[in-house]
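Colleague: Protein chains in written order, with this note's numbering: chain A, -2 to 273; chain B, 41 to 288.
No lab work stands behind these hints, which were simulated from the structure alone.
Fair warning: there could be bad hints in the mix.
Unchecked claim - Listed next, with one range per pair, are the computed distances between beta-carbon atoms: (1) A/N78 to B/T47: 13 to 23 Å; (2) B/D221 to A/A8: 51 to 61 Å; (3) B/F55 to A/V76: 22 to 32 Å; (4) B/F55 to A/K133: 56 to 66 Å; (5) B/F55 to A/L77: 22 to 32 Å; (6) A/L53 to B/K114: 38 to 48 Å; (7) B/E156 to A/L102: 53 to 63 Å; (8) B/K49 to A/N78: 56 to 66 Å.
What the hints assert, rightly or not - Sample of chain B residues at the chain A side, in silico, Cβ under 7 Å: (9) I45; (10) T47; (11) N50; (12) F55; (13) V58; (14) L94; (15) Q115; (16) L129; (17) L139; (18) L144; (19) K151; (20) A174; (21) A245.
Said to hold, decoys possible - Away from chain B, derived, C-beta distances all over 10 Å, residues of chain A: (22) G171; (23) M181; (24) V190; (25) Q194.
We treat Cβ as the ideally placed atom computed from N, Cα and C, and that holds for glycine.
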Amino acid sequence: MRKDPMAKRLAKFPWWLLTMVLIALWTAYIIYSRGNYNEAFRRIIQGLGTTIVTSLAAYGVALIFGLLAGMGRISRNVVLNNLATLYVELVRGIPMLVLIFFIALVGVPTVVDGVNGLGNWLNSLGLTAIGGVMTKFTNQALSMNARAIVALAVTYGAFLAEIFRAGIQSIGRGQTEAARSLGMSTGQAMRYVILPQAIRNVLPALGNDFVAMVKDSSLVSLLAVRDITQVARLHAGSTFRYRETYVTLSVLYLTMTVALSLLVQLLERRLRRHAR
Amino acid sequence: MPDNIITVKNLHKHFGDVRALNGISLTVERGKVVVVIGPSGSGKSTLLRCINHLETPTSGEIWIDGKRLTTNPKQLNAIRAEIGMVFQLFNLFPHLTVLENVTLAQRVVRKRSLEEAREVAMQQLEHVGIPEKAGAYPEQLSGGQQQRVAIARALAMNPKIMLFDEPTSALDPEMIREVLDVMLTLAREGMTMVVVSHEMGFTRAAADSVILMDGGLIVEDTTPEELFNAPKHERTKLFLSQILHHTS
């Protein structure tokens, strides 16, 4: 027996999405009508700029790390290949929270010390033009916000590396061979033939990881970066309005991630329609 | 004195334990058309792919136009630009239009200006008979059209040699003709060609010599007339009876 079209439509309708929209609208109404929620909301959105800037900046840097490491993972150069694999495996083997503490509180100061040391050495050689700048570089100059961005970028760079690697490997060997047979170098074949196709194939996966990063950016609150999570924690701590604070915070994240996920799906559908 | 543009000396190629080529020696004169035939696994494609070093030979020498190939990447890139190659599965770049497929290597390898590259590309697309498809993407073309674009893409580099690796094997029967016609035109224009193919009509019409390979060795090196009328070796007779049975 054929299902009637109405029943089919009802079964296909995204009820989950409707539920989420209703939750968001209900919360918006409560925020509007109740003073305690209203106060929590107005506090929390003060951190929205930091959350967005941190996510965008960290993701931009992570794209560069990921592309380099992804190409390293498939490189036939033993040194590059091992360096890239070491990076990916180190990041994958350490909990993200621990890694963020480590990079922000140990990694960054160590690099700064290294740069200072190099600056002193250059000064002793008389190259004060470069050395002077390098010795003036201090830990205080790097805010926790900047360190949080570095930490997230390093972490997500390793995830994106695996996406790029898979994307590059999904392009058939015939493409490289055709490019090489025309006289292109390995680098030219990668740049003009392989990467444009690979990146197109992994755009949805890259988008999904951006959504994941927006969520994981909440971890930087533990570095006292005043993102929405940190601002919310401070508000809840000082007013003891836990329910108001965390309902508002959760719905705020949900709104951002669901909207972004829908954008990614839209992109995916358009790419499939124009698939070539 | 013969003007040999390709010289292969005692070429061996092993893939692990598999010996694909077991000592091939071969010369191709400038402007000649050599057709390579043989059963699958006989090493025909490997030989072709060794000539432009898409496969690195295990041992032996390859000389192209008086220069011995080394594994130096710069030298190889320069020599590959002089050797066009056409693949069984076309291998067009799917993210680029037909015109961009034909101009890309001209731009990045030959460093031609955009106008010059486009002009050359349109000439070559006319040469293979599909200038009207310049703006199309490869997926919008039939197999025969894709293969003709692939030929135009190789020709746009002004190669001295063209290698064809089973150019019609992946095509529907009604499209084989259009590709063979283009290849025949090229042969008549004096292009040096090495063609791995079992298209006996093309062999009869265009080949100056025919090489039969088996087990990584050259079994017979002869002319088309002799091949069809008086094959010397038993292996050749057996192979011909098998493929002619299907094509006649």
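Colleague: Compare the structure with each hint and give your call.
Modeller: Checked hints:
{"no.": "1", "hint": "A/N78 to B/T47: 13 to 23 Å", "verdict": "violated, 37 Å"}
{"no.": "2", "hint": "B/D221 to A/A8: 51 to 61 Å", "verdict": "holds, 55 Å"}
{"no.": "3", "hint": "B/F55 to A/V76: 22 to 32 Å", "verdict": "holds, 27 Å"}
{"no.": "4", "hint": "B/F55 to A/K133: 56 to 66 Å", "verdict": "holds, 58 Å"}
{"no.": "5", "hint": "B/F55 to A/L77: 22 to 32 Å", "verdict": "holds, 26 Å"}
{"no.": "6", "hint": "A/L53 to B/K114: 38 to 48 Å", "verdict": "holds, 41 Å"}
{"no.": "7", "hint": "B/E156 to A/L102: 53 to 63 Å", "verdict": "holds, 58 Å"}
{"no.": "8", "hint": "B/K49 to A/N78: 56 to 66 Å", "verdict": "violated, 35 Å"}
{"no.": "9", "hint": "I45", "verdict": "violated, 17 Å"}
{"no.": "10", "hint": "T47", "verdict": "violated, 20 Å"}
{"no.": "11", "hint": "N50", "verdict": "violated, 24 Å"}
{"no.": "12", "hint": "F55", "verdict": "violated, 14 Å"}
{"no.": "13", "hint": "V58", "verdict": "violated, 18 Å"}
{"no.": "14", "hint": "L94", "verdict": "holds, 6 Å"}
{"no.": "15", "hint": "Q115", "verdict": "violated, 11 Å"}
{"no.": "16", "hint": "L129", "verdict": "holds, 6 Å"}
{"no.": "17", "hint": "L139", "verdict": "violated, 15 Å"}
{"no.": "18", "hint": "L144", "verdict": "holds, 6 Å"}
{"no.": "19", "hint": "K151", "verdict": "violated, 11 Å"}
{"no.": "20", "hint": "A174", "verdict": "violated, 16 Å"}
{"no.": "21", "hint": "A245", "verdict": "violated, 26 Å"}
{"no.": "22", "hint": "G171", "verdict": "violated, 4 Å"}
{"no.": "23", "hint": "M181", "verdict": "violated, 6 Å"}
{"no.": "24", "hint": "V190", "verdict": "violated, 6 Å"}
{"no.": "25", "hint": "Q194", "verdict": "violated, 5 Å"}
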